[in-house]
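If you read the sequences in order, they're chains A and B. According to the numbering used here, the first sequence is numbered sequentially starting from 96. According to the numbering used here, the second sequence is numbered sequentially starting from 13.
In case anyone wonders, no lab produced these hints; they're calculated from the structure. Any given hint might turn out to be false.
Straight-line Cα separation of at most 20 Å, PhoX-like style, residue types lysine-lysine; simulated pairs [claimed, not checked]:
1) LYS375/A - LYS102/B
2) LYS108/B - LYS158/B
3) LYS619/A - LYS539/A
4) LYS536/A - LYS559/A
5) LYS207/A - LYS229/A
6) LYS378/A - LYS102/B
7) LYS214/B - LYS354/A
8) LYS376/A - LYS102/B
Sample of chain A residues at the chain B side, in silico, Cβ under 8 Å [as the list claims (entries may be wrong)]:
9) ASN519
10) ASP549
11) LEU595
Quick reminder that beta carbons are idealized off the backbone N, C-alpha and C, glycines included.
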Amino acid sequence: MKGEQFREAENAPVRSLGAKALVDMFAASTNVLGENVSDIDSLNVFPVPDGDTGTNMLLTMNAALEEASSVKDENVLAIAGAFARGSFMGARGNSGVILSQFFQGLKDAVNKRERFDGIALAQGLQEASKLAYKSLSRPVEGTILTVLREAADAASRKIQKDETNLIDVMQSCTIEAKLSVEKTPQLLPVLKDAGVVDAGGYGLYIILQGALNYLKGETYQTDYKMDSTLIRKPLEMIEEKESYGYCTEFVLEGESLHKEKIRQILDKEGQSIIIAGTDKKIKVHMHTLDPGAVISYATTLGSLQQIKIQNMDDQHGDYIQQEAWRKSAAETASIVVASGEGFTRLFHSLGASTVIAGGRTMNPSAREILEAVESVPSKSIIFIANNPNIIPVAQQVRKITGKRMEVVGSLNMAQGVAAMIAFNEQSDLESNTRSMERAAKSLKVAEITRSIRDSRIGQKQISKGQYLLFYNGDFITSGNDIFSLLNVVWDLASAHDAELITIYYGEGVGQHMAEDLAGEAGKKFTKSKVELVHGGQPNYQFIVSVE
Amino acid sequence: MCTAGSPTISSSYRWNEILSRELGVEGRESRVRGQDSGAESTMAQELGVKEKEMPGTVKIITDSTSDIPAYLAGELDIGIVPLTINFGSKTYIDGKDITVNEFYEKLLSVHELPTTASPSPGQFSEEYTKAEQDGRDILSIHISAKLSGVINVALQAREKIKARVEVLDSRSATMGLGLQAIWAAKKSREGMGLDRLIEELKRVQTRTKVLGMVDTLEYLHRGGRIGIAQAFLGSLLSMKPILGIQNGETFPLERVRTRTKALFRVWELCQADSPFEELAILYSTSPEDAEEMLNKFAAIYPREKIYKARFGPIMGTHIGPGSLGVAYIVQGREIRA
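Could you put together the complete structure from these sequences and hints?
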């Protein structure tokens with residue numbers, strides 16, 4: 096069945112929609128959005144590779160549509176509710192959250208109406224705007240908030256004049272949205288400097304335009320089809336798969352035993368070598384994959400006693416079980432979002448109960464976060480965001496979960512590491528949140544990435560491929576040489592006074608280069624320790640913290 | 013069961029007996045029941061006996077893991093049974109054959125970790141017998157049984173002693189043990205008897221805490237005590253753990269990345285437990301850091317009452333140079349009987 100009859104007469108304007116047509120309208124919106132995704136993604140203030148506003152809005156819309164398409168009830172309230180639910184669960188990034196508030200507003204406005212008309216749209220937009228402003232502690236004008244508000248006001252003006260046809264109201268708020276988007280650079284200087292309009296605002300306009308096209312009959316794709324390339328993989332947990340070998344111990348009695356020489360030889364056979372004793376009697380402990388070889392060698396030096404060989408894989412299995420038990424019994428569990436194998440391992444090793452895969456742009460959905468929260472045994476959760484775009488999504492989840500949940504607003508994974516270090520599973524939720532927030536926020540972090548296009552930031556001309564340096568979230572400068580960019584970091588962070596410099600190198604960075612960088616820093620700053628970590632993070636070649 | 017002291021008038025036990033009779037008070041039991049001993053002090057003053065010189069009826073004995081500064085042990089008449097340290101084949105008696113400075117010098121210069129051994133029963137007997145001859149009861153308080161076998165040797169030694177010897181597990185170590193011994197010695201001097209001492213000490217133990225930071229994990233690692241701590245520290249190399257002694261065991265409490273943060277955090281954690289009844293700052297090789305920590309605490313606790321002590325060879329072997337800790341007894345509420 097190809098949509099219901101929604102015109103009374105061939106040329107009559109669309110007054111309202113029933114349930115099925117409402118779904119079709121937003122399906123049309125989503126298709127238009129899909130055609131513009133990469134444009135919206137690239138509408139970043141900075142020409143950084145992890146712009147994902149378009150992707151996030153599309154994925155959120157997809158989730159909303161999926162939910163709405165599965166509803167059997169052919170009534171408008173049920174559909175509106177499904178859109179609200181679906182977009183809430185599927186919300187990714189700040190723009191995704193605003194979209195979910197958009198649908199929540201529409202649902203509230205529909206209420207007992209039988210059809211979705213211009214009044215529902217106008218009231219819905221007003222509701223949505225109120226929700227959006229209320230949810231932010233510091234709403235910023237010149238963003239999607241402004242566009243939503245001005246579109247809502249235009250719609251309200253229309254119905255005040257008693258013009259309540261859906262198509263008329265949609266037309267006026269779409270026109271207003273476009274104008275509002277074009278004005279955003281005047282409200283937000285960074286947009287002006289970058290020569291772009293606000294991405295989220297533009298995405299909202301596109302959605303309204305797509306809906307308007309549908310109402311005008313200008314689009315023929317009413318059957319909803321989800322873009323399968325954007326389907327996310329389920330929650331992953333990276334498990335350690337290295338083999339550990341055998342823990343091998345023995346006492347060796349002989350004559351003129353030379354501990355150093357023995358150590359040198361055993362060094363080739365394994366790790367964690369401990370040798371203690373005299374020249375006549377020594378105790379040896381080590382981890383090796385070939386205990387037989389070690390024992391054979393030792394028998395050539397004297398007589399062996401108290402030989403103990405243990406399979407550490409067994410032990411390790413026990414250890415993992417123990418850890419799992421320990422985590423389940425813990426009062427407070429921590430959940431972290433991370434990207435990059437190294438970072439994921441690191442967070443696990445520091446005691447995170449769950450690490451949610453952030454994907455290439457750190458944009459998990461509300462559902463992914465909620466599932467992680469619900470599936471840990473603990474009733475108290477500390478959520479470490481590691482990206483400003485994840486914070487609003489986490490706050491949404493916090494509102495609906497039955498568990499006690501606090502969000503640590505770390506802005507990047509280095510701050511997340513600081514938060515995780517401060518995590519104490521014996522402490523209560525409040526003290527943990529306080530100390531973790533404090534640890535994260537006080538950490539000075541530099542991030543280096545490459546420009547995705549020629550651009551201009553402030554007065555600086557950027558060429559595609561140049562390195563961009565951000566420090567504590569602010570753009571500092573660009574350059575072709577990482578070594579000199581790091582010198583800027585050392586100055587900004589007063590590295591000569593620092594005790595510890597940590598360098599996390601990402602995807603695509605060679606180990607040798609990373610080691611060279613770390614080595615140079617070590618030579619320069621003799622007071623400080625330099626630790627090099629293979630984070631494996633996408634998009635940002637280097638993340639550096641100084642403390 | 014108490015034995016009579018020597019008949020000379022300088023025996024403390026005899027003084028107490030005489031005074032009690034003069035006051036019409038029925039021996040030591042009355043003191044245990046909490047009767048006012050102010051009259052005794054007045055009497056002592058009248059007799060020209062300096063109250064300070066009168067030792068308590070109970071002799072407090074501990075071991076050298078307590079890290080009590082020598083002058084303090086002397087002043088408070090606390091007996092210290094020494095452990096031994098072995099560097100290779102050389103044996104040193106803790107506190108007698110090797111000073112703390114010498115110990116750390118050696119620790120940093122040798123390749124292998126020293127080993128430590130509990131005192132022999134004979135060393136305990138020596139201290140017990142001295143107290144027995146003075147006609148005193150003995151409270152022998154020692155490092156947590158979960159951390160060392162010292163207490164077992166004490167139990168062995170007391171078999172041979174006729175005087176009353178009570179062996180108590182401090183459920184702590186270093187000055188967590190030391191402060192309990194100091195507390196007991198002060199109370200004993202004020203006249204508290206053995207039964208009451210033990211009863212009160214069990215409560216004091218619930219208020220006794222030790223926590224501190226280590227500068228390097230190397231010593232914990234080499235001593236094989238890394239265990240839980242390694243998992244706790246995760247896979248980053250730079251980490252300064254903050255450890256605590258609770259319920260007789262060492263626990264990793266928190267972890268921090270830099271020394272400055274660790275020192276600050278130790279201060280923060282401890283001062284939250286203020287007010288204190290007793291307080292000690294402990295260090296292995298960084299007197300300046302200890303002084304700085306002491307200054308911080310001087311703002312919330314009388315400076316002259318803060319003890320400064322060093323982590324002795326036993327602790328030092330496990331936590332290494334650059335460590336800093338705080339031991340304290342939290343002020344208790346007054347329990348009116």
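Hint check results:
1. LYS375/A - LYS102/B: With a Cα-Cα distance of about 16 Å, the restraint between LYS375/A and LYS102/B holds, given a limit of 20 Å.
2. LYS108/B - LYS158/B: Since the Cα atoms of LYS108/B and LYS158/B sit roughly 26 Å apart, the hinted pair is violated (cutoff 20 Å).
3. LYS619/A - LYS539/A: Given that 20 Å is the threshold and the Cα spacing comes to 19 Å, the pair holds.
4. LYS536/A - LYS559/A: violated (31 Å)
5. LYS207/A - LYS229/A: Not satisfied, since the Cα-Cα distance of roughly 25 Å exceeds 20 Å.
6. LYS378/A - LYS102/B: holds (19 Å)
7. LYS214/B - LYS354/A: violated (47 Å)
8. LYS376/A - LYS102/B: holds (16 Å)
9. ASN519: Interface hint status for ASN519/A: holds (6 Å vs cutoff 8 Å).
10. ASP549: Not OK, violated: ASP549/A not within 8 Å of chain B, min 39 Å.
11. LEU595: For LEU595/A, the interface hint holds, since the closest Cβ of chain B sits about 5 Å away, which is under 8 Å.
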